[in-house]
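Residue numbers (this note's numbering), protein chains in the order written: chain Y, 41 to 111; chain X, 46 to 292; chain W, 14 to 242.
Think of the hints as simulated: they come from the structure by calculation, not from any bench.
Check the hints yourself; a few may be wrong.
What the hints assert, rightly or not - If the Cβ cut is set under 10 Å, some of the chain Y residues that face chain X in the computed set are: (1) F53; (2) M56; (3) Y59; (4) G60; (5) I72; (6) N77; (7) P81; (8) I88; (9) R93; (10) R95; (11) T97.
Stated by the list, open to error - In silico DSS-like pairs for lysine-lysine, Cα to Cα no more than 25 Å straight-line: (12) K85/Y with K132/X; (13) K291/X with K65/X; (14) K57/X with K85/Y; (15) K84/Y with K57/X; (16) K84/Y with K291/X; (17) K84/Y with K220/X; (18) K65/X with K85/Y; (19) K220/X with K85/Y; (20) K220/X with K87/Y; (21) K65/X with K84/Y.
Ideal Cβ positions, reconstructed from N, Cα and C, are used throughout, including at glycine.
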Amino acid sequence: MLDAIQFSTWAEFIDMGGYGFNVWSVYALFAILVAANLILPWRKKQKIVRQLRHRLTLDAEIQSEDSSDGD
Amino acid sequence: MWVWFSKLGSPKWFYELSGKWLPWLIAAMVIFMTIGLVWGLVFLPPDYQQGFTSRILIVHVAVAGTSLAFFPLMLVAGTITLVWRMKLADMVAKHAAILGAWFSFITLATGSLWGSVMWGTWWEWTDSRLVSMLFQLFLLLGVISLRSALEDSETAAKACALLSIVGCINVVIIKYSVEWWNTLHQVASPVSLDPSSPNGPQFWIATLIMIVAVYLFLSVSLILSTRNEILERERRSQWVQDLVLKN
Amino acid sequence: MTEKQTTTSAAFLATLKRDLLIAFKKKNDIVNPFMFFIIVVSLFPIGISPESDRLTEIAAGVIWISVLLASMLSMDNLYRSDFEDGSLEQLLLSPHPLFFLVLAKNISHWLVSGLPVVLVSPILAYMLALPTEAYGTLVLSLLLGTPIMSLVGSIAVALTVGLGSRGLILAVITLPMSVPVLIFGTLAVQSTLNSQSPVGYLSLMLVMLSVSVSLAPLASAAALKISVN
Numbered sequence: 041m042l043d044a045i046q047f048s049t050w051a052e053f054i055d056m057g058g059y060g061f062n063v064w065s066v067y068a069l070f071a072i073l074v075a076a077n078l079i080l081p082w083r084k085k086q087k088i089v090r091q092l093r094h095r096l097t098l099d100a101e102i103q104s105e106d107s108s109d110g111d
Numbered sequence: 046m047w048v049w050f051s052k053l054g055s056p057k058w059f060y061e062l063s064g065k066w067l068p069w070l071i072a073a074m075v076i077f078m079t080i081g082l083v084w085g086l087v088f089l090p091p092d093y094q095q096g097f098t099s100r101i102l103i104v105h106v107a108v109a110g111t112s113l114a115f116f117p118l119m120l121v122a123g124t125i126t127l128v129w130r131m132k133l134a135d136m137v138a139k140h141a142a143i144l145g146a147w148f149s150f151i152t153l154a155t156g157s158l159w160g161s162v163m164w165g166t167w168w169e170w171t172d173s174r175l176v177s178m179l180f181q182l183f184l185l186l187g188v189i190s191l192r193s194a195l196e197d198s199e200t201a202a203k204a205c206a207l208l209s210i211v212g213c214i215n216v217v218i219i220k221y222s223v224e225w226w227n228t229l230h231q232v233a234s235p236v237s238l239d240p241s242s243p244n245g246p247q248f249w250i251a252t253l254i255m256i257v258a259v260y261l262f263l264s265v266s267l268i269l270s271t272r273n274e275i276l277e278r279e280r281r282s283q284w285v286q287d288l289v290l291k292n
Numbered sequence: 014m015t016e017k018q019t020t021t022s023a024a025f026l027a028t029l030k031r032d033l034l035i036a037f038k039k040k041n042d043i044v045n046p047f048m049f050f051i052i053v054v055s056l057f058p059i060g061i062s063p064e065s066d067r068l069t070e071i072a073a074g075v076i077w078i079s080v081l082l083a084s085m086l087s088m089d090n091l092y093r094s095d096f097e098d099g100s101l102e103q104l105l106l107s108p109h110p111l112f113f114l115v116l117a118k119n120i121s122h123w124l125v126s127g128l129p130v131v132l133v134s135p136i137l138a139y140m141l142a143l144p145t146e147a148y149g150t151l152v153l154s155l156l157l158g159t160p161i162m163s164l165v166g167s168i169a170v171a172l173t174v175g176l177g178s179r180g181l182i183l184a185v186i187t188l189p190m191s192v193p194v195l196i197f198g199t200l201a202v203q204s205t206l207n208s209q210s211p212v213g214y215l216s217l218m219l220v221m222l223s224v225s226v227s228l229a230p231l232a233s234a235a236a237l238k239i240s241v242n
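Turn these sequences into a full structure, and let the hints steer you where they fit.
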């Protein structure tokens, strides 16, 4: 397994046979694609749930106040 | 079959079912992506022609191949929206357009990063795949801007569905006409652009793994966005309110 | 309403006649696309080069792209005024198949904004130093290509007819769709210049035209129903 590793030093790994910039840029772009399209929907969900819960608790409070007024 | 179909159209049913699937899909995505990326970056031997740039191709081919799936997906979703008026199909279509634009853009960017090594230039009009991908991006941006322009969500759903169907037909025509145009304007390209040039089985297995990983990522991201859309559009319904208050 | 039954062909002709009459009364609809086309074409030699060799090379492309822009900009009014004065709703309520009524409107749009531009194109081709032998091909390709643009553009116009300010959205939607027409139109002229036969490209454009005539009005009609509902 370890024989199959194509690099012996870190510098070689970064350099990618002279194409370091291109190779790493492509992997960076791919990472951005994946991260953005998983994190953004995830954060959106947090936001939606937070807002909705906030609104619902407000509604519940108003309702309970109304009903206590009625007593 | 019909019961299943109309059930799937119910946002609540989809929300619950996708909630059960998500952990498995995410797990599979993480596994495939880790194997693909580690193999691509660490183990893949350099190609005898292209050196380590074959590492670019693994990612590029996976993203490019997957980005071809968006217009067919939107065609199906659009047809379902127009014929059966299923809300869920529109929610998927909305986010498919956005994700498709992301994919097309990354395809173009990684393609030109590869091209800058192979052709010595960042942009090459003689590569018909780059050119038709550019126009696919434009068409997707058209669908997105149409949706953001139309305020009424019912109208927007149907209008975007129709535009997606027209756009899908157009993408196919554009692809073939650009290919034709390209063969006539062919300037001798420096290296064979054909990705099927000898790369060895290792390369293809790694690419295949990445393709599976990218498809899994696409499904996960699309499901996450669709679930958000369901929560937003159905926020007045009892089941969403129960769900939000529960956890 | 009177119970007078009209045939579909009469309704088709009536729509066509009405649209042409309105266009000729307003005049702007005819003059503006035409002027726009001439002005845009005239800007290219100033921006690129006055040398006839370089102009010859770009002539076909410049004329084709200017035609596309002119046809797209003139499209804005295709359903707009009808939508505003309510006659579009009348059109949708008519008992005749919407397909033919939409087709009549598209034909009228082409006659008013497409045809004049095509007819004047040889003069501009001369100004751009296009060799004389390519004039025939240029005009023929434009004759086949501009109706396709009217038909396909009509779908986008119909989709956006309800929008208050459309601005550039029409261009963003329509222009990418014009790529195949642009490719075959310019290739036809190019092949004439290389003393090859343009018949293949022109017949491909004819195929595209007949497909657009039979399918695009369907999509436009559906789009109008969506926008007006």
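The hints, checked one at a time:
1. The criterion of a C-beta within 10 Å of any C-beta in chain X is met by F53/Y, whose closest approach is roughly 8 Å, and the hint holds.
2. For M56/Y, the interface hint holds, since its Cβ comes within 10 Å of a Cβ in chain X; the closest pair sits about 4 Å apart.
3. Residue-level restraint check for Y59/Y holds (minimum Cβ-Cβ distance to chain X is 5 Å; threshold 10 Å).
4. Interface restraint check for G60/Y: the shortest CB-CB distance to chain X comes to about 9 Å, inside 10 Å, so the restraint holds.
5. Hint on I72/Y holds. Least Cβ distance to chain X is approximately 8 Å, under the 10 Å limit.
6. Interface hint at N77/Y: satisfied, since its Cβ lies 4 Å from the closest Cβ of chain X, which is below the 10 Å cut-off.
7. Because the smallest distance between the Cβ of P81/Y and any Cβ of chain X comes to about 4 Å, under 10 Å, the interface hint for this residue holds.
8. At a threshold of 10 Å, the smallest CB-CB gap from I88/Y to chain X is about 5 Å, leaving the interface hint in force.
9. Interface restraint check: R93/Y against chain X, minimum CB-CB distance 5 Å, threshold 10 Å, status holds.
10. Contact between R95/Y and chain X, as hinted, is supported at the beta carbon level, the nearest pair being about 8 Å apart and thus within 10 Å.
11. Annotation: T97/Y was flagged as interfacial toward chain X, and the flag holds, the nearest CB pair being 8 Å apart, inside 10 Å.
12. Of the pairs offered as hints, the one joining K85/Y and K132/X holds, with about 19 Å between alpha carbons and a cut-off of 25 Å not exceeded.
13. As the CA atoms of K291/X and K65/X are separated by approximately 17 Å, the hinted pair is consistent with the 25 Å bound.
14. Using a Cα cut-off of 25 Å, the hinted pair K57/X and K85/Y holds, with the two alpha carbons roughly 16 Å apart.
15. At most 25 Å may separate the alpha-carbon atoms for a hinted pair to count; K84/Y and K57/X meet this at roughly 19 Å.
16. Distance check on the hinted pair: K84/Y and K291/X sit about 19 Å apart at the alpha-carbon level, within 25 Å; holds.
17. With a C-alpha separation of about 35 Å, the suggested pair K84/Y and K220/X falls outside the 25 Å cut-off, and the hint is violated.
18. The hinted pair formed by K65/X and K85/Y meets the criterion: a straight-line CA distance of about 17 Å does not exceed 25 Å.
19. Between K220/X and K85/Y the alpha-carbon distance is near 37 Å, which puts this suggested pair outside the 25 Å criterion.
20. Of the pairs offered as hints, the one joining K220/X and K87/Y is violated, with about 40 Å between alpha carbons and a cut-off of 25 Å exceeded.
21. Under the criterion of a C-alpha separation no larger than 25 Å, the hint pairing K65/X with K84/Y is consistent with the structure, at around 20 Å.
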